[in-house]
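Given chain A, work out where chain B with the ligands should sit, using these hints.
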Amino acid sequence: MQAVRGVTLRVAEGETVGIVGESGSGKSVLMLSLLGLLPDNAQVRAQAMRFADGDLGAMSGREKRRLLGSRIGMVFQDPMTSLNPLFTVEQQLTEPLRIHQGLRGAKARARALDLLRMVDMPSPENRLKQYPHEFSGGMRQRVMIAIAIACGPRLIIADEPTTALDVTIQAQILDLLRNLQKELGTSTILITHDLGVISSMCRRVVVMYGGIVAEEGSLDEIFYSPRHPYTWGLLRSIPEAETEHRLPLVPIPGSPPDMLAPPQGCPFAPRCRHAMPVCLRCAAPETELSPTHKVRCHLTHPAAPQVRWEKEGL
Amino acid sequence: MIHASPNPPSAPLVEAQNLCKYFPVRARFFGKSRHLLKAVDGVSFAIEKGETFGLVGESGCGKTTVGRTLVRLYEPTAGAIRYDGQDISHLNRAALLPFRRRAQMIFQDPYASLDPRMTVGDIIAEPLRVQNLYPGKARDARARELLALVGLKPDHINRYPHEFSGGQRQRIGLARALAGNPEFIVCDEPISALDVSIQAQVVNMLEALQDQFGLTYLFVSHDLTMVRHISRRVAVMYLGAIVELAPVAVLYKHMQHPYTQALLSAAPVADPRRAAQAARIPLQGDVPTPIDPPPGCLFRGRCPKAVPRCAQERPALRDLGGGHLCACHLLE
Ligand SMILES: Nc1ncnc2c1ncn2[C@@H]1O[C@H](COP(=O)(O)OP(=O)(O)OP(=O)(O)O)[C@@H](O)[C@H]1O
Ligand code: SF4
Ligand SMILES: [Mg+2]
Numbered sequence: 001m002q003a004v005r006g007v008t009l010r011v012a013e014g015e016t017v018g019i020v021g022e023s024g025s026g027k028s029v030l031m032l033s034l035l036g037l038l039p040d041n042a043q044v045r046a047q048a049m050r051f052a053d054g055d056l057g058a059m060s061g062r063e064k065r066r067l068l069g070s071r072i073g074m075v076f077q078d079p080m081t082s083l084n085p086l087f088t089v090e091q092q093l094t095e096p097l098r099i100h101q102g103l104r105g106a107k108a109r110a111r112a113l114d115l116l117r118m119v120d121m122p123s124p125e126n127r128l129k130q131y132p133h134e135f136s137g138g139m140r141q142r143v144m145i146a147i148a149i150a151c152g153p154r155l156i157i158a159d160e161p162t163t164a165l166d167v168t169i170q171a172q173i174l175d176l177l178r179n180l181q182k183e184l185g186t187s188t189i190l191i192t193h194d195l196g197v198i199s200s201m202c203r204r205v206v207v208m209y210g211g212i213v214a215e216e217g218s219l220d221e222i223f224y225s226p227r228h229p230y231t232w233g234l235l236r237s238i239p240e241a242e243t244e245h246r247l248p249l250v251p252i253p254g255s256p257p258d259m260l261a262p263p264q265g266c267p268f269a270p271r272c273r274h275a276m277p278v279c280l281r282c283a284a285p286e287t288e289l290s291p292t293h294k295v296r297c298h299l300t301h302p303a304a305p306q307v308r309w310e311k312e313g314l
Numbered sequence: 315m316i317h318a319s320p321n322p323p324s325a326p327l328v329e330a331q332n333l334c335k336y337f338p339v340r341a342r343f344f345g346k347s348r349h350l351l352k353a354v355d356g357v358s359f360a361i362e363k364g365e366t367f368g369l370v371g372e373s374g375c376g377k378t379t380v381g382r383t384l385v386r387l388y389e390p391t392a393g394a395i396r397y398d399g400q401d402i403s404h405l406n407r408a409a410l411l412p413f414r415r416r417a418q419m420i421f422q423d424p425y426a427s428l429d430p431r432m433t434v435g436d437i438i439a440e441p442l443r444v445q446n447l448y449p450g451k452a453r454d455a456r457a458r459e460l461l462a463l464v465g466l467k468p469d470h471i472n473r474y475p476h477e478f479s480g481g482q483r484q485r486i487g488l489a490r491a492l493a494g495n496p497e498f499i500v501c502d503e504p505i506s507a508l509d510v511s512i513q514a515q516v517v518n519m520l521e522a523l524q525d526q527f528g529l530t531y532l533f534v535s536h537d538l539t540m541v542r543h544i545s546r547r548v549a550v551m552y553l554g555a556i557v558e559l560a561p562v563a564v565l566y567k568h569m570q571h572p573y574t575q576a577l578l579s580a581a582p583v584a585d586p587r588r589a590a591q592a593a594r595i596p597l598q599g600d601v602p603t604p605i606d607p608p609p610g611c612l613f614r615g616r617c618p619k620a621v622p623r624c625a626q627e628r629p630a631l632r633d634l635g636g637g638h639l640c641a642c643h644l645l646e
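As you go down the protein sequences, you meet chains A and B in turn. Under the working numbering, the first sequence has 81 at position 81, and the numbering climbs by one with no breaks. Numbers in the working numbering are just positions in the second sequence, counted from 1, shifted up by 314.
All the pointers check out, no bait thrown in.
Listed next, the in silico SDA-like pairs over lysine to any residue satisfying Cα-Cα at most 20 Å (straight line):
no. : chain 1 : residue 1 : chain 2 : residue 2
1   : B       : Lys567    : A       : Leu247
2   : B       : Lys467    : A       : Ser255
3   : B       : Lys567    : A       : Glu240
4   : A       : Lys182    : A       : Arg154
5   : A       : Lys182    : B       : Arg594
Simulated from the structure, these hints should not be mistaken for laboratory data. Just so it is clear, the structure is predicted and the values come from calculations on it, not from any experiment.
Just chain B, with the same shape it has in the complex:
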């Protein structure tokens, strides 16, 4: 399989090279033997300094696994992660420590991701303690400063997570991620659990912080409209692989992959006149699980355009020019 090089011209901050993460599973439909769930299977992309890179796709396609592997909460099964030029794919705990300060993650569930027994101040200062940054009195001051930065009151450091609303908890998660002055943050569905009006608050805050500190984001979401709003480039995943990757304006206007076309056409438009004109490309069936995926294109079972070749050969990501990559036999 040939891999087109999706590297942007300037030096990337984070780079995934043919990244794979497999989980051994005992699927009962397959008897007793062990099988591999290929959550992420040969994903390559590079994120430039200061950009927001969007990652979309349906449930189970591997978005979270990509994010967790990039910040080395998982060790990749194969392939490589390069961070600022350094290969961090298999570094051990101690060797990862300096990297941990530079790359952080915020999570989807603002309820489950904060320890209910810790005060907000301790939660925020936790990464500082681990990294031994801002020692002594400075740590408390730093926690207060971070709370103010995310729009909460500095004296909230003595409160507990349950005293806050969903949107406020997401801000606390953000303050914790920002504690050690990171460069790169994986935002895994940071707004999915929030009300519409609160989502906009969090997105605006992410954008303001990016401007202020030059942050780089991987923004994972199934909300295609919000990804369009916040991202500079977007990758679309299906069953553990990237099927299309392009600058945001190209992807949303000139998407080439049959899956991207169906996915974008299925997203409901919050504007009755446009919704009435929108033509949907219906997709039959459900998203399959990537356990022992068959050869050929991973999308072919649901693809309205599949040809016989799609069952035999997996299409490689091809460069269509202008940073637009797409994996589909129809484009050859």
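Isolated chain A, as found in the complex:
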């Protein structure tokens, strides 16, 4: 299985980078592999996985796991599966504090309480002694975030952190992530399929498809001058937010590639209405359109037909 191929991802200090793509596009696999959390039989080839001053790719699984929890905080889609149902919130919060910072007893407890306050947990004193099942989805996600920031991480990886939540609760959690980032100056990688969440949270966007980075750029570059047909397809699949008259949606035909047998050329070619013979044979090289904007599509070749992106209203 080849879930991610030659992926480079740079996140600057204090920046939020959004990763979007369909299920099976390799978003989560990429993150898990960065963190050494994948089972051994999964083979991942990524170049240049560097974190601060270390090369993540060269680190052993154990070193990576040590990094995780102290320098990298994780927030997953389903807090119920990542929180331990048998331990109180206090136990789960103080564990990383003990392991990574040597905090114990009253000191650890005070810090745990601090952390719950930082994530705006209502009546945090009473909450410490409770178990995850006593919390609502939104509050569990607050606990996850408290654990993620416990040891002052420099990077937070949030994998679909609000997908399972209601809109009004999602808005609360996104506000929280945004404020914490401002306060703590952490960098964030936000993995989501929701272009709305991306719009309101990120400055830079990475669009993944079939295990490769199809396109990456600033928020404006991706939304207003996208160059990859898959990005076009994504943007046309969502209804106009403001228009009075309904424009028909333009779906992407077909379904995402089977990663057990990834297509040979551009992974999007079988669904792409602009595909040329070369697209089915060879992977497209990366073309730099601006210092921030890069795309992997044969259409950027000077000899290729000129296809322009247009979406009414944008």
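Then chain B with the ligands, alone, in the frame of chain A:
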């Protein structure tokens, strides 16, 4: 409590009149005694022939329960369902049979809603078997025809659900719903489990089928943008009740209920420039559970505009004109 009449002028196909569905629960926080979970509590609306009626609201507000009760997968606790003029609220199994052909439901989870041991052909033909429609060879032909109708290959009838992707399974569910030529389909979160690009395929197909067969839909979703796209009128639910109901353009531009305002403002806009301008109305707290709800407005615990009266009296749905109904004391 006075109920404004939300009936549109033309004869409705489906009508809920003060519909209630309560579930008895043993909530451990309340000791041993039995309590009522009021999943749907006094909901009234009417769906016209050929329209798509959107139903939105947060998790647990009762959307699915409304849908299941409308097609009589549940029997209402109180109130009435009228289908094409007939009161079907308490019909028994046998008496419901003709109705079952006319009203169908498609479900959120395209994985759980198809029996993995049955072939696609058998799944699609199941309602035909129950109704004894298209007997003999005709049934197979009908299954093939339905598969083609939803954009799958007719020879897929011999395959099993696991051989299909999420979007394809949703199409199979749709083919099954369409088998007996229904008039009304409850679409309960039909796209929530699908990828963005596949959602658009399914929505377009629902719209095309509606045009072709004059179908009427109840479209349940928490995706406010998609509901806006597909619906003609939309109702917003909170804790088992409708708090606002209006034609789609009115609801999204001139919503009056504090909950609708907060809900719509919280929906992320997939357009960075608009997202930067959007003003959010933050809502504190979580959605409560409708177990023994207190008197007064159900939303008041989270309402940024609540006044003392909101704690005493439940606001009734009031007609603001032009088919716009809203339940909030501030509008009196
Ligand atoms: N069979 C049942 N027995 C007991 N309680 C139920 C039953 N079905 C639903 N409920 C409860 O009724 C309320 C409304 O549930 P319902 O599934 O209708 O909400 P919903 O709006 O569809 O939510 P979601 O968006 O999560 O699908 C919830 O509190 C739910 O827990
Ligand atoms: S009736 Fe009161 S509590 Fe309810 S929505 Fe209106 S202002 Fe808010
Ligand atoms: Mg539901």
